[in-house]
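K.L.:
Top to bottom, those sequences are chains A and B.
Take the first sequence: its position 25, counting from 1, is numbered 25 in the UniProt record's numbering, and each next residue is one higher.
Take the second sequence: its position 436, counting from 1, is numbered 436 in the UniProt record's numbering, and each next residue is one higher.
Hint data in this document are derived by calculation from the structure and do not stem from the laboratory.
The beta-carbon is built from N, C-alpha and C at its ideal position, and this holds for glycine as well.
There's no promise every hint is true.
To spell it out: a stretch of chain B is covered by chain A in this simulated footprint if at least three of its residues, at any positions, have a beta carbon under 8 Å from a beta carbon of chain A; those stretches are [as the list claims (entries may be wrong)]:
id	segment
1	141-153
2	160-168
3	399-413
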Amino acid sequence: MIDPDMTPNLLLVVVVVALVTTGVYLLLERSLTRVIIGLVLIGNGVNVLFLLSGGRAGGAPIVGTTPVEEMSDPLPQAMVLTAIVITLGMTAFLLAMAYRSWQLNRHDEVQDDLEDRRIARMAAADQPAFEDDTQDTRTDLEVEAAEARDETGDREDEQEVVRT
Amino acid sequence: MTDWTWLVPLPVVLPLTGAGLALALWKHGRAQQLITLVALTLTLAASLALLWRADAGTLVVDAGGWSAPVGVNLVADRLSALMLAISSAVTLAVLVYSLAQGVADGDEETPVAIFHPTYLVLAAGVAIAFLSGDLFNLYVGFEVLLAASYVLITLGGSAERIRSGTIYIVVALVSSLVFLLALALTYAAAGTVNMAQLAQRLPDIDPGVALLLQLLLLLAFGIKAAIFPLSAWLPDSYPTAPAPVTAVFAGLLTKVGVYAILRVQTLLFPGGRADDLLLWAALATMVIGILGAVAQNDIKRLLSFTLVSHIGYMIFGIALSSQVGTAAAIFYVVHHITVQTTLFLVVGLLERRGGSTSLDHLGGLAKIAPFLAVLFFVPAMNLAGVPPFSGFLGKVGLIQAGVVAGTPLAYALVAGSVVTSLLTLYALVKAWNKAFWQTAPETVEPMRLPRGMVGSAAALVVLGVGLTAVAGPLYGYTERAAGDLRARLPYIEAVLTEDGRGDGVSDDVSRAASPPPAGAPVGSTRTGDDS
Numbered sequence: 001m002i003d004p005d006m007t008p009n010l011l012l013v014v015v016v017v018a019l020v021t022t023g024v025y026l027l028l029e030r031s032l033t034r035v036i037i038g039l040v041l042i043g044n045g046v047n048v049l050f051l052l053s054g055g056r057a058g059g060a061p062i063v064g065t066t067p068v069e070e071m072s073d074p075l076p077q078a079m080v081l082t083a084i085v086i087t088l089g090m091t092a093f094l095l096a097m098a099y100r101s102w103q104l105n106r107h108d109e110v111q112d113d114l115e116d117r118r119i120a121r122m123a124a125a126d127q128p129a130f131e132d133d134t135q136d137t138r139t140d141l142e143v144e145a146a147e148a149r150d151e152t153g154d155r156e157d158e159q160e161v162v163r164t
Numbered sequence: 001m002t003d004w005t006w007l008v009p010l011p012v013v014l015p016l017t018g019a020g021l022a023l024a025l026w027k028h029g030r031a032q033q034l035i036t037l038v039a040l041t042l043t044l045a046a047s048l049a050l051l052w053r054a055d056a057g058t059l060v061v062d063a064g065g066w067s068a069p070v071g072v073n074l075v076a077d078r079l080s081a082l083m084l085a086i087s088s089a090v091t092l093a094v095l096v097y098s099l100a101q102g103v104a105d106g107d108e109e110t111p112v113a114i115f116h117p118t119y120l121v122l123a124a125g126v127a128i129a130f131l132s133g134d135l136f137n138l139y140v141g142f143e144v145l146l147a148a149s150y151v152l153i154t155l156g157g158s159a160e161r162i163r164s165g166t167i168y169i170v171v172a173l174v175s176s177l178v179f180l181l182a183l184a185l186t187y188a189a190a191g192t193v194n195m196a197q198l199a200q201r202l203p204d205i206d207p208g209v210a211l212l213l214q215l216l217l218l219l220a221f222g223i224k225a226a227i228f229p230l231s232a233w234l235p236d237s238y239p240t241a242p243a244p245v246t247a248v249f250a251g252l253l254t255k256v257g258v259y260a261i262l263r264v265q266t267l268l269f270p271g272g273r274a275d276d277l278l279l280w281a282a283l284a285t286m287v288i289g290i291l292g293a294v295a296q297n298d299i300k301r302l303l304s305f306t307l308v309s310h311i312g313y314m315i316f317g318i319a320l321s322s323q324v325g326t327a328a329a330i331f332y333v334v335h336h337i338t339v340q341t342t343l344f345l346v347v348g349l350l351e352r353r354g355g356s357t358s359l360d361h362l363g364g365l366a367k368i369a370p371f372l373a374v375l376f377f378v379p380a381m382n383l384a385g386v387p388p389f390s391g392f393l394g395k396v397g398l399i400q401a402g403v404v405a406g407t408p409l410a411y412a413l414v415a416g417s418v419v420t421s422l423l424t425l426y427a428l429v430k431a432w433n434k435a436f437w438q439t440a441p442e443t444v445e446p447m448r449l450p451r452g453m454v455g456s457a458a459a460l461v462v463l464g465v466g467l468t469a470v471a472g473p474l475y476g477y478t479e480r481a482a483g484d485l486r487a488r489l490p491y492i493e494a495v496l497t498e499d500g501r502g503d504g505v506s507d508d509v510s511r512a513a514s515p516p517p518a519g520a521p522v523g524s525t526r527t528g529d530d531s
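Given only the sequences and the hints, what does the whole structure look like? Please build it.
P.N.:
Dropping the structure here:
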């Protein structure tokens with residue numbers, strides 16, 4: 001069933017696509033601030049999409065102001081308003097958290113889990129050594145962990161490794 | 001049925017009112033505690049009343065007098081009422097536990113001024129999710145409970161909690177966005193987000209689009225329920241929160257996701273098109289989750305992995321798409337909410353008594369604290385599914401349902417669930433041996449555990465064991481609930497009544513003024529055909 005009224009505005013579709021793709025790209029970063037911006041972009045993209053789902057834009061949906069055929073659908077607008085408020089609240093909370101993370105660590109990067117690292121180290125210790133037996137596997141892991149910006153690593157080492 | 005509908009909004013209204021009051025009285029710790037306690041006790045009473053009334057017929061409230069397909073409606077059918085009752089009981093027990101902990105610790109671990117209002121909001125969010133009759137309201141319910149959970153998981157803002165909270169919150173937000181995306185597409189495809197009306201309309205839309213919507217919704221709920229490929233966030237984030245918070249999260253939050261999957265799979269997409277996918281996911285969740293638990297050396301993490309693993313059982317029951325399977329899944333949810341919460345509370349006690357949650361540093365607790373040993377042992381065996389506990393009954397029900405289904409995949413899941421059950425037993429016995437039987441590595445100071453903490457944990461242990469005692473009637477209830485879910489029509493008729501609209505006052509207003517607006521073309525063209 002193709003209803004001409006339901007054909008979405010192409011420009012808005014392009015906007016949605018642009019917002020969501022940019023958002024997904026930022027979401028994959030390790031810095032919390034970028035993740036937040038990514039989430040906000042995706043959130044806005046989805047909200048615009050929701051607005052599109054109501055069909056063609058029309059007049060104010062108030063009986064007596066606009067003829068019934070020309071009214072826009074108020075339901076998605078009401079729902080989008082709710083969604084926007086929710087996105088706003090969540091963004092504020094995330095920003096506060098990123099700030100707290102910066103207060104504690106002087107960076108806002110998402111860190112590795114300690115127990116995960118312990119298990120990874122155990123797994124590495126169990127690996128058969130095919131090459132240089134004398135090489136200490138722990139050094140490798142420490143380097144790797146530092147690259148992953150782990151909080152257990154010595155901070156100065158960590159910075160150096162990341163910069164190189 | 002009309003007489004009792006006033007009960008339906010209570011599980012939402014009471015905690016929210018309490019939250020407002022508690023927030024206003026943030027300077028008066030004792031008043032806050034009293035308010036929270038009273039609000040949650042009343043919620044429990046209302047939920048139990050609903051459990052009783054919903055057995056006689058589905059209760060529906062059109063909020064604000066707006067008729068059903070357009071306005072927000074709350075629906076308490078057997079499934080919702082059962083979920084509400086068990087979740088209220090668990091929330092109350094955890095509250096008592098945290099009150100006792102707060103008294104013992106001088107409220108440093110859980111800053112009461114924030115903790116109590118947030119906790120009440122969490123309870124309200126869970127209630128909205130269980131009661132909501134339309135998908136968008138379900139989304140709002142999710143957001144309410146998630147927002148509260150964000151605050152609770154980062155309580156105190158220590159480095160470790162901020163780390164775990166970041167993962168938890170970002171993942172939860174992504175799943176919410178997927179949910180919102182699914183809602184937007186659903187509205188575009190069907191012109192409604194009311195679940196009863198969707199149940200009528202979704203069969204008419206293009207099957208490809210319907211499958212897309214179904215998969216998007218399953219993806220969003222799958223993240224919340226921690227089904228295997230989407231579960232990595234859970235064991236990383238839960239263990240760092242305070243014990244009562246972890247307990248209530250473990251008990252309730254993932255189960256809200258499971259509830260949403262159950263509702264969507266039965267009411268909106270009854271064809272069972274995603275069942276094979278869900279069965280595979282259930283198998284992977286069970287086996288991989290429990291292998292994670294076996295590898296862990298920290299008891300809180302071990303329990304987090306068993307939580308992931310046992311979500312697989314519920315998905316197994318849901319994905320069988322049969323009445324026996326659904327009934328067993330509902331029973332399993334009830335069992336698992338109780339037992340998982342209990343275990344986390346007991347581990348909180350363990351941590352106080354032994355000074356650690358690492359199995360290397362614990363030891364000799366069976367001699368030092370024999371009552372604590374009993375408190376741990378009973379729910380642990382319950383979780384592993386040792387007869388005669390409710391975990392055994394739930395698993396038997398699921399296995400029975402799998403055998404009835406009889407497909408090779410169902411048999412694979414039956415085998416998987418037995419193996420998972422054995423491995424759960426292995427992981428928990430390992431924890432038991434290390435924490436309770438090995439010689440204590442360091443001397444443990446003698447101390448008394450706060451009576452309220454032990455008491456509430458013990459009450460939940462008793463409730464878990466009590467589920468076995470009432471297993472017959474409870475199974476009967478879940479079977480009736482499953483029957484309703486599979487029949488679908490009782491729900492739809494209760495919400496939309498005979499003329500296809502709920503019984504709010506906007507019914508008359510809209511009819512007197514004009515037909516529904518043209519901006520909702522699908523809706524307006526089909527309203528007449530529906531009834």
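K.L.:
Are there three or more residues in the segment 160-168 of chain B whose C-beta lies closer than 8 Å to some C-beta of chain A?
P.N.:
holds (count 6)
K.L.:
Three residues or more, CB to CB closer than 8 Å: is that satisfied between the segment 399-413 of chain B and chain A?
P.N.:
Result for this restraint: violated, n = 0.
K.L.:
At least three residues with a C-beta closer than 8 Å to a C-beta of chain A: is that true for the segment 141-153 of chain B?
P.N.:
Our answer is that it holds, as 4 residues pass the Cβ test (under 8 Å) against chain A, meeting three.
Hint check: a violation occurs at hint 3 only; the rest are consistent with the structure.
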